[in-house]
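A.B. asks: Take these sequences, add in the hints, and give me the full structure.
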Amino acid sequence: MTIHELERRDKRGRWSAALALLLSVAVLAASWVGLFSFMAASAAAGTWQALDDEYLPEVDGQSLVLPDLSRVSRVYASDGTLIAELYDGRLSEPVRFEDMPPEIVFAIVAAEDSTFFEHEGVNWGAILKAFLDNLSSGRQRGGSTITQQVVKQVFVGDEISYERKIKEAVTAIEFERRYEKEQILEFYMNSVYFGWSAYGVNAAAREFFGKELNDLSVAEAATIAVLPRNPSEYDPRRDPEFVLERRNDVIANMLDEGFITEAIAEDAYAEPLGVIEHVPPI
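Here the sequence shown is numbered in this note's numbering, starting from 1 and rising by one per residue.
Hints are supplied without guarantee of correctness; some may be wrong.
Restraint ranges, calculated between C-beta atoms of paired labels, are given here [as the list claims (entries may be wrong)]: (1) 102 - 272: 21 to 31 angstroms; (2) 279 - 180: 33 to 43 angstroms; (3) 272 - 125: 31 to 41 angstroms.
Below, in silico cross-link-like pairs of lysine to any residue (SDA-like), each with a Cα-Cα straight-line distance of 20 angstroms or less [as the list claims (entries may be wrong)]: (4) 129 - 162; (5) 181 - 196; (6) 181 - 129; (7) 181 - 115.
Bear in mind the hints are in silico, worked out from the structure with no lab data behind them. The beta-carbon is built from N, C-alpha and C at its ideal position, and this holds for glycine as well.
C.D. replies: Below, the structure written as C-alpha cells:
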C-alpha cells in the first residue's frame, strides 16, 4: 500500500470520523441529560455555557505555526511524561517527508496512531476507550493521535487533566485544517524522542542500527517505532526481549492495516532485534 492510496482511504474515512463525532456528541449529550436531570433548565444551560467558555476556546488557525525544530525545547513521551530538554548538541538529523521510506512511515503510524490517515485530528473512539479505562483502572491512559501529540508538545502542554485534553482535541481539529497530513508527520517524526539522545527517525536509525534511514528493514523500522511510547521503558539495549515483543506487535499492526504483506511480515518476525552497541559521539 502506498501513501497516496492511504490518502484516498483518508477521504473515505472522513464519513467514519463524522459518524464518530456524532456518536461522541450523543454520548456527551446523554451524560449531560443524566447529570442535570435534577437541575432547572436555566441552571443547566448556564453551567454548559460556563464550561463552553472555559474549555472550548476559539482557536485561531493563523496562530498554529510549527516552530523551527532547533527551537523546540521540551520533548514528551506519548503518555505525557516529560522526557528531556533539547540542547544544541543533541543527536538530531531532520529529513523531509518525501525522503522518508514508506517502511518507517507505516511503522510509526501503526505503532502510534493507526487511524492517522482517516481521522481529522482526533480519534473519538480511542478517547472514549481511554476515558473508560481511566475510570475502571484509576490510571491515566492516552488515546492521543499523532496530531494531538504534536499539539501537546508545541501548543497546549502536558498538564494531566480532562480540561487540558479537551483543549488539545479542539486545537488538533483546527490544526489539521491548517496542515496537511504529510506536514504533521514530518514534524512529528523529526522531533519525537527515541532515547539515547536521538531525536527523530533519522538519528534513531543511526543510533540503534548504524544505518541510513533508507537502509532500514521492516523489522528495524518497527523496532524504532516502538520507542517513542516511553524511551526509558522501551529501551532495546536494556530490555531487548520486551522490545522484541513490542516490535512484533507493531509488525502485526502493519499487517492488519494493509501496510505490508503476510510474506513480508513473516520475514520481519524472523529477524533478530539487531540493535548495535551505543557509540558515544566524538
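A.B. asks: Using the Cβ atoms, figure out if residue 272 sits within 31 to 41 angstroms of residue 125.
C.D. replies: Holds - the Cβ-Cβ distance for residue 272 and residue 125, about 36 angstroms, lies within 31 to 41 angstroms.
A.B. asks: For the pair supplied as a hint, residue 181 and residue 115, confirm whether the alpha-carbon distance does not exceed 20 angstroms.
C.D. replies: 12 angstroms, holds
A.B. asks: Quickly compare the C-alpha distance for residue 181 and residue 129 to 20 angstroms and report which way the hint goes.
C.D. replies: Between residue 181 and residue 129 the Cα gap is close to 24 angstroms, so the pair fails against 20 angstroms, i.e. violated.
A.B. asks: Sort out whether residue 162 lies within 20 angstroms of residue 129, counting only the CA atoms.
C.D. replies: At roughly 14 angstroms apart (the allowed maximum being 20 angstroms), residue 162 and residue 129 satisfy the hint.
A.B. asks: Does residue 196 sit within 20 angstroms of residue 181, going by the straight-line distance between their CA atoms?
C.D. replies: 28 angstroms, violated
A.B. asks: Quick check: does the Cβ-Cβ distance between residue 102 and residue 272 fall within 21 to 31 angstroms?
C.D. replies: Given a distance of about 23 angstroms, which is inside 21 to 31 angstroms, the answer is holds.
A.B. asks: Take the C-beta atom of residue 279 and the C-beta atom of residue 180, compute their distance, and say whether it sits inside 33 to 43 angstroms.
C.D. replies: This hint holds: roughly 36 angstroms between Cβ atoms.
Hint check: violations occur at hints 5 and 6; the rest are consistent with the structure.
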